[in-house]
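J.: Now for the letters of each chain:
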Amino acid sequence: MTRYLRYLVPLAIFVVLVAFLYRGLSLDPKRVPSPLVGKPMPQFSLPRLKDPAATLSDADLRGKVSILNIWATWCVSCRAEHEVLLLLAKSGKVDIYGLNYKDERVKAKQWLAQLGDPYVANAFDEDGRTGIDWGVYGAPETFIMDREGVIRHKHIGPLTVDALNNEILPLIAELQSTP
Amino acid sequence: MIKETLNNSSCRRTPASSTLKTDDTRIKHNILISLVSVLLLCLLICAGPTQAGVTLEAFKFDSKAEEQHFKDLIEELRCLVCQNQSLADSDAELAHDLRAEVYDMIQAGKNNEEIVAFLVARYGDFVLYNPPVKPSTWLIWFGPFVLLLIAAILLLRTLRRQKSIPATEITPEERARLDAILGSTQPEQDKKT
Numbered sequence: 001m002t003r004y005l006r007y008l009v010p011l012a013i014f015v016v017l018v019a020f021l022y023r024g025l026s027l028d029p030k031r032v033p034s035p036l037v038g039k040p041m042p043q044f045s046l047p048r049l050k051d052p053a054a055t056l057s058d059a060d061l062r063g064k065v066s067i068l069n070i071w072a073t074w075c076v077s078c079r080a081e082h083e084v085l086l087l088l089a090k091s092g093k094v095d096i097y098g099l100n101y102k103d104e105r106v107k108a109k110q111w112l113a114q115l116g117d118p119y120v121a122n123a124f125d126e127d128g129r130t131g132i133d134w135g136v137y138g139a140p141e142t143f144i145m146d147r148e149g150v151i152r153h154k155h156i157g158p159l160t161v162d163a164l165n166n167e168i169l170p171l172i173a174e175l176q177s178t179p
Numbered sequence: 001m002i003k004e005t006l007n008n009s010s011c012r013r014t015p016a017s018s019t020l021k022t023d024d025t026r027i028k029h030n031i032l033i034s035l036v037s038v039l040l041l042c043l044l045i046c047a048g049p050t051q052a053g054v055t056l057e058a059f060k061f062d063s064k065a066e067e068q069h070f071k072d073l074i075e076e077l078r079c080l081v082c083q084n085q086s087l088a089d090s091d092a093e094l095a096h097d098l099r100a101e102v103y104d105m106i107q108a109g110k111n112n113e114e115i116v117a118f119l120v121a122r123y124g125d126f127v128l129y130n131p132p133v134k135p136s137t138w139l140i141w142f143g144p145f146v147l148l149l150i151a152a153i154l155l156l157r158t159l160r161r162q163k164s165i166p167a168t169e170i171t172p173e174e175r176a177r178l179d180a181i182l183g184s185t186q187p188e189q190d191k192k193t
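Going down the list, the protein sequences come from chains A and B.
Each residue of the first sequence is one higher than the last, beginning at 1 in the numbering used here.
Each residue of the second sequence is one higher than the last, beginning at 1 in the numbering used here.
Treat the hints as calculated values from the structure; they're not laboratory data.
Being a predicted model, the structure only gives us computed values, none of them experimental.
Here a beta-carbon is modelled for each residue, glycine too, at the ideal position from N, C-alpha and C.
What you were told as hints is all true, and nothing was included just to trick you.
With beta-carbon atoms standing in for the labels, derived distance ranges:
1. Val36(B) / Thr160(A): 42 to 52 Å
2. His96(B) / Pro35(A): 16 to 26 Å
3. Ile150(B) / Ala19(A): 18 to 28 Å
4. Leu27(A) / Ile31(B): 31 to 41 Å
5. Leu154(B) / Val76(A): 46 to 56 Å
6. Glu93(B) / Asn166(A): 26 to 36 Å
7. Arg152(A) / Arg157(B): 51 to 61 Å
8. Asp91(B) / Thr160(A): 22 to 32 Å
9. Lys107(A) / Phe142(B): 47 to 57 Å
10. Leu40(B) / Ala19(A): 37 to 47 Å
11. Lys107(A) / Asp91(B): 20 to 30 Å
12. Asn166(A) / Cys82(B): 23 to 33 Å
13. Ser57(A) / Pro132(B): 30 to 40 Å
14. Ser77(A) / Asp72(B): 30 to 40 Å
The shape of chain B in the complex, shown without the other chains:
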C-alpha cells in the first residue's frame, strides 16, 4: 500500500524535467533530479523494513472507505516508542496494540474525536502530530506569524526611511557649473560625440 503512494509521488515529480532549454538549466535539472531520486531512495530504504507485513496486519474492513479512514487516522497519531514514526509506520509492540485498539474502536462505531480523546487521555497531546491550539501551544501556532509581522514592520520602516531622505538640492552656482560642463541646458548625448 505504501509502495503505491511512493510511486505516485515520484510520478508527480518527474514531469518537472520535461522542458529544458539551456545547458545551464539542464545541469540544474539534472542535479535536482538526482537529489530527488536519492531522497526517494532513502525513503524507500527507510520505509522498507516497516512495510513488510506490519501495517494493517490482520484487520478486516467492510469497505475500502472504512479501511482508508483507519489508515488516515493512524497516520496522524504518533507512536510513543519510536517517536518519529506514526502508529501506521511503527513496528513497536505498543504500536501494534494501539492499532488494534483504534481498529476495535472504529468497529465499535466510535468517531475520530472519541478515538483521539481516548488516546490523548492516556498519552497526552504528544500522540497527536497536529497539536491542538491552546495557550501552551500558542507560541508554535502563532510564533511564525508574529515573526513575519515583525519582519514586515521592519521592512516597511526601512523602505519609508529611505524614501524620506531628501534629494540633494543644488545651488544656482552649482547648476550653472553643471550646465557648463554638460555643454547646453538640454544635453543631447548624440550631438556631443
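Isolated chain A, as found in the complex:
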C-alpha cells in the first residue's frame, strides 16, 4: 500500500490543482458579487430624466416588486440589452425603473425616443453619486427588489433573453407570489 502511496499522493495533488485551475478559468473576474444583495436598497432622491422638476426616490420603488436598471448612452452593451428591457416591459409583469448614470440629459431623452422607453421613470444621476451608493462599477447593471425594498438579485452586464427566462422572470414570479 505504502508503495503505491508515493505515486498516488502526487497524483491526488495534481488532480486537486487541475480542479482549482479549471474552476478558475470558468469564473469571470469582472463579476464582483455585490454585498448589497439581501440588504435594503440604498436611499436616493434624484430629478427625473424627462421631468427635472419632479423627483424619483427609493420610496417610489417600494411596496411592489421592482427593477432598477443602470444605463447610459455611452454604454455600448446598454444598447444591446435595450431590446430585452423592452421585451420585459411589454410583458407587464414588473415595473422597470432606470438610473441614467453619468449621462447627458439630451442624449438620454433622444435614446428613449428613438429606441423605445421600457422605463416607468428614470432618475438622472449626473455625477454618479447615487451609482456609487448602489455599488455600480460598470453599466449596465440590473437590481431586483422585493416588496419590502430589499435587493434580491443583481445582474451584472447586459440582460439577455436567456437571463430573462432563467433568472429574472422566475425570481419576479417567486417574489410576487410571496405576500
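Fit chain B to the supplied structure of chain A, relying on the hints for placement.
T.: Showing chain B alone in chain A's frame:
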C-alpha cells in the same frame, strides 16, 4: 510623484553591484542588473500613461501629511474597473469618482476605518488589496503556513527515519578479514605506501 518613488527604488537596488570579485559573479551581476533595468523600464512604460496628470487631479490639501494620508489610502484600494490597478493608478471614470469620494470623506474628517467601511459596504471586500481575516479567507491567510507545517513534519519524519536505520554490524570473522586486508589493527595510510 510616482516618478520620484520609482527613482528611489532604482537607487536602492544599484549598490548591490558595487563589490564584484570574480568574472563569474561579475557576469551574474550584469545579468541581474540588466534584468532589474528591464523590469524598471517596464514599470516606467506601464506606469507612464497613468502618471500624466491623472492621480491627485485637482485635490488640495492643508498639509503634506494629509496628502500622504490620502495617497496611502487610495493605494490600498482596488479599482473595480481596472482590477489590477489601485484607485491611485486607475484612469477609469469610476476611479476618478471614487477618489473624489474618498477625498471628500477625508475632508469631512472621517477616519480610514469609516472610509474603508463605506466602500466595502458598496463594493464588497473586493475593493481591499488586503483582505480581512474571516472564515472565507482563512484558506488564503493560513493555507501557506499549514503547507509549511506539513512540509516541516514530512522533513522531520524523513530525517528521523534515516537516523534510525541501524549501522551495519559486522561479524568477528568479517572483522578479522577486514583487519587482514588493511594490514594492521590500526591502519596508517602513510606507512602503507
